[in-house]
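Protein chains: 2
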Amino acid sequence: MKYAIGIDVGGTSVKLGLVNTDGEITEIWEIPTRTEEGGKNVLPDIADSVKSKISEKRIADDVIGAGIGLPGPVDDEGIIRKAVNLHWERTFNVEDELSELLGVMKVKAGNDANVAALGEYWQGAGKDYGDMVMVTLGTGIGGGIIHHGQIFAGTTGAGGEIGHICLNPNEKIRCNCGNVGCFEQYASATGIARLTREELEASSDESELRHTEVTAKTMWDAVKNGDKLAIRVAERFGYYLGWGLSVIAGVVNPEVFVIGGGVSKAGDIILPYIRKNFEEHAFHACRDAQIVIATLGNSAGTLGAAKMVID
Amino acid sequence: MKYAIGIDVGGTSVKLGLVNTDGEITEIWEIPTRTEEGGKNVLPDIADSVKSKISEKRIADDVIGAGIGLPGPVDDEGIIRKAVNLHWERTFNVEDELSELLGVMKVKAGNDANVAALGEYWQGAGKDYGDMVMVTLGTGIGGGIIHHGQIFAGTTGAGGEIGHICLNPNEKIRCNCGNVGCFEQYASATGIARLTREELEASSDESELRHTEVTAKTMWDAVKNGDKLAIRVAERFGYYLGWGLSVIAGVVNPEVFVIGGGVSKAGDIILPYIRKNFEEHAFHACRDAQIVIATLGNSAGTLGAAKMVID
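Protein chains in written order, with this note's numbering: chain A, 1 to 311; chain B, 1 to 311.
Hints may be right or wrong, so weigh each one.
As the list claims (entries may be wrong) - Examples of chain B residues toward chain A, derived with CB under 8 Å:
#1 H147
#2 E161
#3 C166
#4 W243
#5 S246
#6 V251
#7 E255
Quick caveat, the hints were computed from the structure, so don't treat them as lab data.
Ideal placement from N, C-alpha and C gives every residue a C-beta, glycine not left out.
Working from the sequences, and respecting the hints, build out all of it.
Below, the structure is given as structure tokens:
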């Protein structure tokens, strides 16, 4: 059996996995991300950890290569411009650098959201589909496009970075990115909490959300309990997410949208709210796209990273 | 020298070209599109014309293949679902059918807007760039995405069919597609004429547009003459087109947008209106995309069609 190393780099820890060519994670481990001194230890630490795992397992001849997902834009050539969470400020070819540290191993790098999308495409919710768009609903909205089985990185590595599509130029509140009316201001976990607070202020209806901390999770729990005010919030969320997906469909015409991230943990209950609005706004030629929930959770990053070096 | 046949099929005529591998059109001719009886003669007519040209020129051994652009969605496999303007109602593989009629020649088919995009990418305004989005501003808005030098057809052949992205769900007027607030309701030639009429009604300002037929052409002519009311229309057009392009950039992060179609004949004067609004709404990682005017005119379709079979 041949293996690939899947590396998923976050701001506090790096998840590493030994993944066989059938897409099974046979070993998974973690190391801390040392971001001090401009994050200069991040890649050497990863290389040391990979090399000792390979020697421990005596699989040097069976390792095809290593794929690495990073929290920043990575282009098709493996060039990363910046990764704020790793304290990386320089522009460099991360594939070349890690490959050298590993002793000239095949290395492919990608943006973490794109890499997770590839994981879901290979072994998760996108498995039975062709072109796919993954939409990760967390603090913000991340995303990744898989086209012909490959990551669509875009010119500067920002392909599929859909969180900052402007849906509403008239929005008064500014997004963290500096613009207004960004997709993620409405349909992320943060957006759901905001829509909930707005709804609570705008009405005096009784709601279980008046007696708990307002989060995306408590909001969807309330929807599950039939809470009318929460259902109104779900409808507003669905309006923005369904409309946003219809716009994306109008550009790249995918076969499936895979919804991941914290918000997706609420499960299939979120889908009808999205679907209804998606169908209302999507151009007829793109309207058959499926919308499904991601299935791999945190493993998506490890699997997708490994898949980058598996043909 | 090797040649490819470039075929650009319209509702009234088919343009054919002999294109060498350097991208020069060495011969161009036209035949009528016979749409009667469900358009059953369209492909046989094309095949006959191509075969007689090849025999007339005695280049049978030098022809690599034929590419064909069609007014309808064509997927990666060459399957067309419908082409209203050709009276084609069936779903079939147009590549296989034309290839057989031509005596087993290599044939590639694509949607006409996508094929024109490939032409501009190969020999026109997109020549010096990587990933490109072409935006054709005519009666409606068409488009095509070129990724890694190839047409991005999408799942049902609707990739890059950006005219029906919904920018304004609150629009009262319905688009021809049945939805509301479509991109092409604002930024096409038809959209420009509508915005002009709205502006003429909303104000009593003197304008040369009160004394002429209102079209996209007369509107841009008035802008060139410094007509203040026309400049306001240009600003509204730029608002919608710039915003729309920023949304597309947020999905596919191209290096360049190439603006073609009738409206682009006004020339570079349209660009600052678009640019300003594009920059205001685009996510910073996508903001460096260039916006340029198409250069090939009607030849884009012939060249792009030929390019599909030239490596």
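These are the hints, each one checked on the structure:
1. H147: 7 Å, holds
2. E161: 6 Å, holds
3. C166: 4 Å, holds
4. W243: This hint holds: W243 (chain B) lies near chain A, its Cβ roughly 6 Å from the closest one there, short of 8 Å.
5. S246: At 6 Å from the nearest chain A Cβ, S246 (chain B) passes the 8 Å test, so the hint holds.
6. V251: This interface hint holds because 4 Å falls under the 8 Å limit.
7. E255: 4 Å, holds
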